[in-house]
Amino acid sequence: MALNVRVPQPLRNLTGGASTVQSTGGTLSDCVSALEASYPGIRDRLLDEGGEIRRFVNIFVNGDDVRFLSGLQTELKDGDEVSIVPAVAGG
Amino acid sequence: MSVNVYIPTPFRHLVGNRANVKAEGGTVREVLGNLDAQFPGFNDQLLDGSGRLARHINVYVNQVEIENLQGEATPVKSGDEVAVIPALAGGAVMTPEMVDRYSRHLIMPQVGSAGQRKIIESSALIIGAGGLGSPVALYLALAGIGKIGIVDFDVVDRSNLQRQILHVTDSVGIPKVESAKQRLNAHNPNVEVVTHEEPITSDNAFRIIEQYDYVINGADNFATRYLVNDAAYLLKKPLIDGSILMFDGQATTYIPGKGCYRCLYPAPPPPGMVPSCAEAGVLGAMCATIGSIQATEVLKLILEVGEPLVNRLLLYDALSLEFRIVKVRRDPNCPLCGDNPTIHELIDYEQFCGAPIPHREAPFGG
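Residue numbers (this note's numbering), protein chains in the order written: chain B, 16 to 106; chain F, 2 to 367.
Because the hints were derived from the structure by calculation, they are not lab data. Built from N, CA and C at the ideal position, the CB exists for glycine as well.
Residues from chain F that face chain B, not an exhaustive set, calculated with beta carbons under 10 Å: (1) Gly129; (2) Gly134; (3) Gly219; (4) Ala220; (5) Arg226; (6) Met247; (7) Tyr262; (8) Val283.
Build the full structure now, drawing on both the sequences and the hints.
Below, the structure is given as structure tokens:
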């Protein structure tokens, strides 16, 4: 289950600067765990204390917001693109 | 000697609803005569009682107005492009200066005289005369939008000059809205620039926003972004949103009823979780990319052409030079625009975001 994960600028200090990383997982929850194993600290940036996706972070699977799919239980398949998009306020 | 003649929308019914027709002739006068022979009644629209071109009609040969050539005696040769543009066709009056100024708009069938008049009759409010507000304001002013409002409480700082193209070195220390007004009117004196030298707050947001057709967000903090989103939605104004940080940019257009900023980002990050441009920096040229997209969206909405960036979030990664689009949906549970809304008036956004709205004594929110 190879996934491409798009990492936004503010999280790239955790991925060695990489804008896209490979990950695995049958669900988004599995994918976050796999990311945490490879890039320690990233889970806390994505999920809150209750283990839910932070409300200012959006995660899209193939362009669809997972809040309108099955959240962290959204199923993933080989080749899916997972995009992490945080709110940005700069103007 | 066959030339191509561009026919603007108001005259197309005379030529079988075509935008381009062929005509014969060695001069502009002969071409116009030939058009009348092909399409009886055509010249009645162009000539005044004495048989001369009416003063509100401008004729262009290869995009040069014939007054600057040899008038109706201007010679044409095979393959030349002739355009017949009415300067005044009801609604906003376009002066000859405007017809020259906006000629590259006027010759496009998607804009034309009718579209340019729509632009001239429109108004837009720009939140922040900063990195994004600068290119948005400049391009809307150049396009001839009738009225531009600019909200900004701040004065120009030297550190703004790396990206905020409304301001120049001599502007340091003067209010940004004043600097903006000077620059915009130097570019296009036809535009009315209204300055709102104050932070936008729950107390003044309705009073300011209700004066404009479109709202463009170039704010630099979350509290202002939620405030502007809520006020624009409650006043049923389209909001053209953009944001930038470091090498990343985002843009989307919110049309009331089709989702809002809260549908995309239900809550702001806790203070300190997402850095600001003042903290993390921004590549100056990023502002033009996102700001230009915002200005383009406003013009498309005015002209009612194309597909607006509605229900789509554009993500720009300057480092990999990639543009991607993800879907934005109206959230039925949205407290503002959902099925059972709980927000019916403006709230305390400083409390909601846990951070103050920046003002003159604390321009970075601190």
